[in-house]
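K.L.:
This is what each chain is made of:
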Amino acid sequence: MLKTEELQVNIGPQHPSTHGVFRMLVTVDGETLVDLKPVFGYLHRNHEQLGEVNSYLQNMPFTDRLDYFNSMVNNHAYARAVEQLAGIEVPERAQYIRVIMDELSRILNHASALGFLLGDMGAWQTSLLWGLREREKILDLFEYVSGARMMCNYSRFGGVARDIDDYFISEVKKLMQGLPRYFDEFERLLVENEILLVRAKGVGVLPKELALSYSVTGPLLRGSGVPYDVRKAEPYAVYDRFDFDIPVGTVGDVYDRFLVRVEEMRQSYRILEQALQQMPEAEGGHINPKVKQQSLKPPVGESYARVESPKGELGFYLVSDGSGSAYRYKVRAPSFINLSALADMCKGYKIADVVVILGSIDIVMGEVDR
Amino acid sequence: MTLSTRKGTVNIVEVNRHDNNIHAGQGTLKGLDIVFRKFRKALFGKANTERDDTEGQFNVQYPEERLVLAEAYRNMPILLYDDATGQELCTSCFQCERVCPPQVIHITQAKHPETGKPVPAAAEFVLEYDTCMSCGYCAEVCPFDAIKMDHDFELSTADHPALDVHYTHLLRPVSYYEAIAPTMWAEVRDAALKKLQNNIKRRPGNIGVDHGQKIAGKSSAAAPKAATPAAGAAGRKQYTGPIAKVGTSMSEDKLARLMAIREANTGKRGGPPESGAHAIEADVATNAAGQVAPSDQATSGSAASKATGPVAAPGKNMSEDKLARLMAIREANKAKQGE
Ligand code: SF4
Ligand code: SF4
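Protein chains in written order, with the working numbering: chain H, 1 to 370; chain U, 1001 to 1339.
So that you can see chain U by itself, here it is in the shape it has in the complex (with noise of 0.2 Å):
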């Protein structure tokens, strides 16, 4: 059917609601023999490394086996300095600071020690990866190049004010941006380092390199989280699909360590391995008792004996009166379950 309007015509198709060939589990039956075809192939057969593929293997066992990540893969912001000379790239020119959409970036530009002027350089940089939204738009308006994203994503930590990153631990090598993003980095390369020269004229005495990093014609395996697992010691592999074959972007030692884990799996399926589950409740149980103690009266101290279960013995992240109030509360439901 076609639809005549103002702006042409329309192509109209109904549907086709199969109402004449319903018959006692044949639909099922023919959904079902794709499914256990799907599952052979993905049990025997070959991983799956291409993307018209449609059959196969398509699991990646994570942490031991990881994807190649795409160059333009951003995660959190870095800084960047200069390896031979440790000149950092930032001038504090305040473009990122303003563009950031929730206003994470906070910098403080570097004064003269005489005069007092503004130097270009920044004295202090901060930027809150907790409310970061990964957007991307500081490195792209930043014209020094000195924010850059980077590729590791593996940033969880207990410790939330770790998470206001200050300059020193966000500073890394030019190499080491150049491991993740080789070609991003050829485009603005020598735009970049060109201005850093012209910049380090202007800064006097060690203003600009004076944030702790190593310097000196260090490689980028010295850095600080020297790079990424994926781009690691066997260097950058080429981005080639979004499947990695067993074993394609791993050390030689993971990978065997990965077999060894694979063939103890397969020889007892079923359940995590014994040891560990006792040491992770061994430690619940070592932790809910050491945090209880100072207020054992008021838990008759059974607490601890009980913390075996996933839910949180009391008092784990309570402050003292907190947990005294939840006691007392407790207390009370006791007693009136007991009338």
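Only chain H is shown next, with the shape it has when bound in the complex (with noise of 0.2 Å):
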């Protein structure tokens, strides 16, 4: 047998499809990859930190710039983490609210991740812009109500920002008849694909007990076959009220990853579905009225609330000494820990599957690095 060197290649910091500025050291033998030893950290902005010297409320426009495609869900998290410490009540409308914009960033995540991934597998342009014309609509519809497309700083502790009015209700509609046509045509475009199949089938695999033993959690968890959704393992907010799916893959390639996000997708249709059915029923306004919003101070304790992001189970940890800021804050960022699980998902497979592979991890830098 002829012995072949091995090659250390380095991709990235900047590699145009690495989702942020994020290198992987790369070792391979000839085109298969040995070793892959992920290297972060450029992106980082002190955020935990700036957490501890701001004030409670001062802290949430920050958590817009975790994750950036899902502002709305991060500033829900960590609302839920205040409103914890501080025992604050949050009326029932306002719960649907965040339900709403929660799941609307649902849809829109996993359609630009898609879109994404399939730009990494080469489709380029066209899926990625079917990906990101729906983000665009439902965009557009939070910067109605919270004054911004992408940093929407929309939770307040006890609620949301502003009430949302019979406007947006009738757009958000009107966006729904849409959507089931788009989902379909998203199905027919590709996941029949000849190309997409032999990209995606058993490539990646990452098997059920690794995937536990990494603690990774969201559609890469459930895409290897683990039933886990903070919504309904632990429901926050008024999930226990809804009715939905949730779906797994069998063999846990980027494949069955690619089919849960589609999945995912057409159920959080299905939770705004009964969230607007059930919204004119539910008590009190947008906000709880009595909360002091700028000089919250919790009583001295801690509190961990999670919530099922697009990407995974993202939690906010927070120690309180009794002052106007927080004493130990930590974030729990899902992309963070799918993304240590990267190496083991790659060995073995060809270099060109690595961009790929990180793709269907669906990480966003800003979280990762902090």
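Hints are computed from structural coordinates only; laboratory data are not their basis.
Here the structure is a predicted model, which is why all the values come from computation and not from measurement.
A few of these clues could be false.
[To be verified] Under the rule of at most 25 Å between Cα atoms (straight-line distance), these lysine-lysine pairs were calculated in the PhoX-like manner:
#1 H:LYS37 to H:LYS347
#2 U:LYS1030 to U:LYS1041
#3 U:LYS1322 to U:LYS1336
#4 U:LYS1030 to H:LYS201
#5 H:LYS174 to U:LYS1038
#6 U:LYS1201 to H:LYS174
#7 U:LYS1194 to U:LYS1117
#8 H:LYS330 to H:LYS292
#9 H:LYS208 to H:LYS350
#10 H:LYS347 to H:LYS201
#11 U:LYS1111 to U:LYS1201
#12 U:LYS1201 to H:LYS173
#13 H:LYS37 to H:LYS292
#14 U:LYS1038 to H:LYS173
#15 U:LYS1195 to U:LYS1117
#16 H:LYS290 to U:LYS1195
#17 U:LYS1111 to U:LYS1195
#18 H:LYS292 to U:LYS1322
#19 H:LYS174 to H:LYS37
#20 H:LYS350 to H:LYS297
#21 H:LYS208 to H:LYS297
Hints are included, so try docking the two chains, each in its own frame, into the full complex.
P.N.:
Given below as structure tokens:
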């Protein structure tokens, strides 16, 4: 047998399809990947330390900048952590508004994540824009209600910043009329595409046990066949009132993750339908008026609140010493923990698959590096 | 499959992996069929104006065409003054300065000229636009509705120090804000103006009006940067949806220009208009020549003639000693390569 020399190659830090400033130090034997070392930290912004000098309210807009695709979900999770810490009640209507925003976020995140994944496979612009088009429509709605497309800064302690009006609801309903057609077309466009099947089937397999031992979450874990979803495991907000399924994969490869995301968009659509139907009966306003937002001083204690962000379990851990800013502030970022499984997913596959596997994890570097 | 947990039952569905229906190339053709259909619709179909549309022309030809911005849209903060009297609404209560997460608001309180006691007005108000994160907290907490979020997003400038915006340039008349956010202003209008009247009583002399803005009943048209183009001369349009039809929010002459441009483009597809390209090149060359001149000996005068590509000519934004050092390094490299 001919022995070949192993070669070390840097992918990144700024490869166009590496989803941010991220470096992979890969060792290849011919075309086969032997080892992969992820190197990150290029986007470190001192987020957690900032959270310990800012007041609780001041930290809210900084959470937008974690996973900048889903600032609505980040706001929700952080607000929940503080509410738990300070014992704040959230009116029902506010809970429904948050759920609607979260599920819209999930649709836009999965649509664009799949677009990027297909872009990584070489489908380039068509499929990417296919995802971004739907995202754009939802972002317009976010802008209408919160004032910004991506840095929404929408949640407040005990509710949300502004109430949604009839125009918003009618536009969401209109958007939803087009969505089933959009999902169908998305599926027909690519799920049976032979090129996609060849690039995705059996690639980047993450076995169930390994996924659990890395404690990955989100579509990555469900793709590996574990039906774990925080919305069901620990129903927060009003998620226990909705009827929806959890899609799981069987093999745990890139294709399964792809399909799980498509199916999750449909389930989000179902939740949206039910939420819009139930919302008129919800009690209370959009915010708990008794809360002192600016001068909030939660009692001494700690809290951990988690939500199912589109990327996985997003958690905020807070320790209060009774003053106006957190004593300790920690983010459990799903992208970061999912990324740790990358090396094991890539070993043994071709170097060209690395970018596809990375795309199938769906990471955002803003959240990984913080 | 259902799973029973402590929190209730969970319905689990396994995704369909399409293992059986792989036919050589048919899946791909199916996808391409959709792409072509959409392509045809985009070329010949109608413009996409409703949120449930999934077909048609989605593009908006910025800057000729613009989307109508939502009322709540927030970009950078501005400060308001009363149209009729010129009185500024801000009382320098420091609420916004305190809440601002990146701490970019700097206020100096006005003092009574004789007694030296604080007066409910700001003497100076500086806002660092470059570091503001557009969170909107300042507008949210201001008890006097003096600071509001502007809709103007075309703020790019090469003049970085100018992004420390001072009071004079932050001030806009109330009528301007009313034009960009009518319902939001209507909600707070009466309370805000009543508070202002109370505060004016405690302002001696021309404190609170002396920041150089035009007063005495000028309409919003006369205000600095009168209005965002979207809310421009034609007045505020109803926020209809994400996608504007051609010309929905354009003035007529702009629309005519856009149509002319499009016509011209269909006439000669490919490449930007020639004269434009030349103009840019010439600009770069003259710039480079002007900048490089002082250290001509070091560069042997060749930089200017080469500076046609996108790469900046050496010395464009460098201090002189830095340029000299760079040139020395290049010289050394050249000498090394020659060996
Ligand atoms: S802008 Fe408003 S909050 Fe800020 S100092 Fe003036 S009155 Fe107070
Ligand atoms: S928008 Fe936010 S960051 Fe900007 S000045 Fe106001 S409070 Fe500060």
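K.L.:
Is LYS208 (chain H) within 25 Å of LYS350 (chain H), Cα to Cα?
P.N.:
holds (22 Å)
K.L.:
Taken at face value, is the distance from the CA of LYS1195 (chain U) to the CA of LYS290 (chain H) at most 25 Å?
P.N.:
OK: LYS290 (chain H) and LYS1195 (chain U) at ~24 Å, within 25 Å.
K.L.:
Hey, LYS1322 (chain U) versus LYS1336 (chain U), does the alpha-carbon distance stay inside 25 Å?
P.N.:
Between LYS1322 (chain U) and LYS1336 (chain U) the Cα gap is close to 21 Å, so the pair holds against 25 Å.
K.L.:
Going straight from one Cα to the other, do LYS174 (chain H) and LYS37 (chain H) come out at no more than 25 Å?
P.N.:
Not satisfied, since the Cα-Cα distance of roughly 46 Å exceeds 25 Å.
K.L.:
Quick one, are LYS347 (chain H) and LYS201 (chain H) close enough, alpha carbons at most 25 Å?
P.N.:
It holds: about 16 Å lies between the C-alpha atoms, which stays within 25 Å.
K.L.:
Are the Cα positions of LYS1201 (chain U) and LYS173 (chain H) separated by 25 Å at most?
P.N.:
violated (51 Å)
K.L.:
Does LYS174 (chain H) sit within 25 Å of LYS1201 (chain U), going by the straight-line distance between their CA atoms?
P.N.:
Outside the cut-off at roughly 51 Å; violated.
K.L.:
Are LYS1194 (chain U) and LYS1117 (chain U) close enough, with their CA atoms no more than 25 Å apart?
P.N.:
Distance of about 23 Å is within 25 Å: holds.
K.L.:
Given the hinted pair LYS1111 (chain U) and LYS1195 (chain U), is their alpha-carbon gap at most 25 Å?
P.N.:
OK: LYS1111 (chain U) and LYS1195 (chain U) at ~20 Å, within 25 Å.
K.L.:
So if I understand the rule, the pair passes when the alpha-carbon distance is 25 Å or less; does LYS174 (chain H) with LYS1038 (chain U) pass?
P.N.:
The hint holds at about 20 Å.
K.L.:
Assess, step by step, whether the Cα of LYS1195 (chain U) is no farther than 25 Å from the Cα of LYS1117 (chain U), and give holds or violated.
P.N.:
Holds. LYS1195 (chain U) to LYS1117 (chain U) sits at ~20 Å (cutoff 25 Å).
K.L.:
Is LYS1038 (chain U) within 25 Å of LYS173 (chain H), Cα to Cα?
P.N.:
holds (23 Å)
Hints 6, 12, 13, 18, 19, 20, 21, counting from the list given before, are not met by this structure.
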